Each structure stands twice: as C-alpha cells, then as structure tokens.
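**Student:** Fit chain B to the known structure of chain A by using the hints.
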Amino acid sequence: MNDLIIAGSGPAGLSAAVYASNAMLDFVVIEKFPMSGGQILNTYDINNYPGFEQIDGFSLGQNFRKHAEKAGARFVNDEIKSIERTNGGYSVICGKNRYETKTIIYALGAAPRKLGVKGEAELSGRGVSYLATCDGNFFRGRPVAIIGGGDVALEDALYLANICSEVYLIHRRNEFRGAKYLQEKVIKNERIRILYNTQVEEILGENKVESVRLNNGQTLYVDGVFIAVGSQANSSLVEEFCELDRGFIKADESCVTSADGIFAAGDVRTKRLRHICTAVADGANAVYSVEEYLKKINTQ
Amino acid sequence: MVKEIKTNEFSSAVLSSDKPVLVDFWAAWCGPCRMLSPAVDAVSQQLEGKAEFYKVNVDEEPVLAQQYGIMSIPTLILFKNGAIANQSVGVISEADIRAFVEQEM
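Residue numbers (this note's numbering), protein chains in the order written: chain A, 1 to 300; chain B, 1 to 105.
In short, the hints are calculated from the structure, not lab data.
One thing to keep in mind: the hints can contain errors.
What the hints assert, rightly or not - Here are the computed lysine-lysine pairs in the DSSO-like style, where the Cα-Cα straight-line distance is at most 30 Å:
no., chain 1, residue 1, chain 2, residue 2
1, B, K50, A, K66
2, A, K271, A, K296
3, B, K50, A, K208
4, B, K50, A, K96
If you're wondering where the values come from, they're calculated on a predicted model, not measured in any experiment.
If we strip away everything but chain A, and leave its shape as in the complex, we get (with noise of 0.2 Å):
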C-alpha cells in the first residue's frame, strides 16, 4: 500500500511530488495526460511567479515536471474513474488498475465555468470559446465579444484587441473584479468597448457564431464569444467524502479536508486567489499534513 496518491499533475500536485519525494514517502502521481501542467499549460504568457519574470505556461509546467521527476516522483498515465473508502485508506480506481493508499493529496484543478446561456454548448468550437490564447488566432482581423471581469477576461481583451476588428468586454457588474494595473490597462485601450451591467442572454448562429443578443435588448453582431467566467473545481470524485462549497472541497492552507486522509490543493480547494504561486505553496502544506496524518495513525 502507498503512503500516498497525488492525483493530478498541475502547479499543486507537482509541488507536492517534489515535498512527497523529500519527505520520503512511498507515493505515486496519477495524471490524465502524459504532459504535466494543467491549466497554466493554457497561458501563454505567466509574470507573476517569482524567480520568472516572463515565462509561457508550458514551459513552466515542464519544468515543475523535470524537478518533480529528478527528486524522484513516479508517474502514472491514468484516468480516475473513482475512490473508494477501505480498511486502511482509500482504493484510487482507474479503468483497468487500482491503487491502494493510506492518503490522498487531491489536486484536480479546475475547469473553465460554462456560463450556460442558450447556444453556447451548440457553438462550443464554432465561434464559442474559453481560450482566448489558443483561439484568437482565428478570429484575426474580426469582432469579438468577452463575457467576464475578472483577470482572465482582462487579459483576453487586453490580447484580442491586438489582433481583432472590435472588441466587447461583456460585464455584469459595474465595475471589474481583475487585477488593478489590468483594468486601467483595458480602460486605457481605446479598442476596447466595455459594456457594463450587461449579460448575455443568448449566443445566436447557423453554423457558426453570429451575434449574441444582451439583456437590454441590443444584439451585438461578433464572429466570436469568449467566456471567461470564472472555474468550476473538479471535486465530483470525492463529493461523497468531503465537504463542498459551491463545487470547491472545503480546507484551509493546510488542506485538511472533512475526509480523514484525503488533502485538497490547488484550485481544487476554496480559497480567495487560485494563481500558481499559491497552487504550489499548497502543495508543500498538504504533504506536511499528510506527514502528521501519518505519523497519527501510524501510532494508533
């Protein structure tokens, strides 16, 4: 039986293969993909990691993977289906194999949230987007629309603004929730059109994106839809364990869930700002608290 599963292989889980290796624990990582990184790989351009003034999101991913490899984590390519409570821990199933552990370090991240206004599903890839980074490129030259206020719609306009005809920043409040030196930098662009105290009521197209109509009334004609509302926690695997909030797994810095022995870190887990420098910050807390955990039981 391992000490401990790491599911997942973003900022968090990643910082704890490296802790995990150092504190010696007999622990595997189980990943998705065979290339680490999670949501940063969808960055293109990352400048608030200390120790990096400018990095793109790959990179930096692969190099959390390179550290977490020489400190000696192994890897595993699987997909999760369940876990399961048992004797001395938890069983970790994935299609055909199943791991037995004493804990759980659960760092699946977080997905963008759909904003689930008619037309979005059906023209998700046809002009319909969360990527602003991977698929502004398509859109060169063309109107666009952002649905958002916080960082990532920020910087989505900020960057399709270089390269689209117009551009509509889409907000429901009256003012952004993004960092201060990204919203003067948005109010400052005059290509930027911002539209506050508006929603979207529905994304309007044949085969492609058309227009989106607003709650005023008004239809905006845009080729694309960038939705940039926020992250929805994939915490579906261990709802039956631990407590929730709105989706994200309850726990502190230390991690600590309601459930004995599975931890939460990342974006996996509430908290006030999901950035890579606090995904990796709790990656060492939980593999502290998976230590004391251990040494607990060990002596029970």
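**Tutor:** Just chain B now, kept in the frame of chain A:
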C-alpha cells in the same frame, strides 16, 4: 510521431484513403495542443495499419484550417471515405481518442 501534412497533400492522403483518417489541427503556441499531441502519437501506434493519422499546423496551413472551419484548437477531425465522420474540440484522453477513431473502423 504522426506526420505533418500540407494543403497540397491533403486530398490524396486524407480524402482518398480507404481507412479512417484522424487529423489533429494544432499550433506550436497552443499549450493544450502540445498536451494532446503525445496521446495522438500513442494511439497512432496502437492502431497502426488500421487507421491513418496526420497533423495540420494551422499557422502553416491556414487554408486547410479555414476550409474545415477550425475556430478552436486542438480540433480532431475523423475522415471516412473523404467525408467528415466526427469532430472533437479540446483535449481528450488517450482512451477517448482511441474510441473516437475505433467507432469508424
């Protein structure tokens, strides 16, 4: 490694093939594309001889990307007898890629 294909080779390699052909539309600057790529490579080896696999770099072959209405990458398109049999947008697992191709085998 799955072969890169150019616009002028597309018709003979993809549309005229008598096997199912999976085409991976990608770009170097797209992180998720680079995440999907090794999984496509792995499936191409598992299904060698039964299906064909190609990659299209949307930066180098914008005509193909436009022709197939690519607006989001990675996009996988499965061709059968010269027509689109199925299409998938975003990163999916190796097992899902395999199932995606096998349904037309």
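**Student:** Output the indices of the hints that this structure fails to meet, ascending.
**Tutor:** 1, 3
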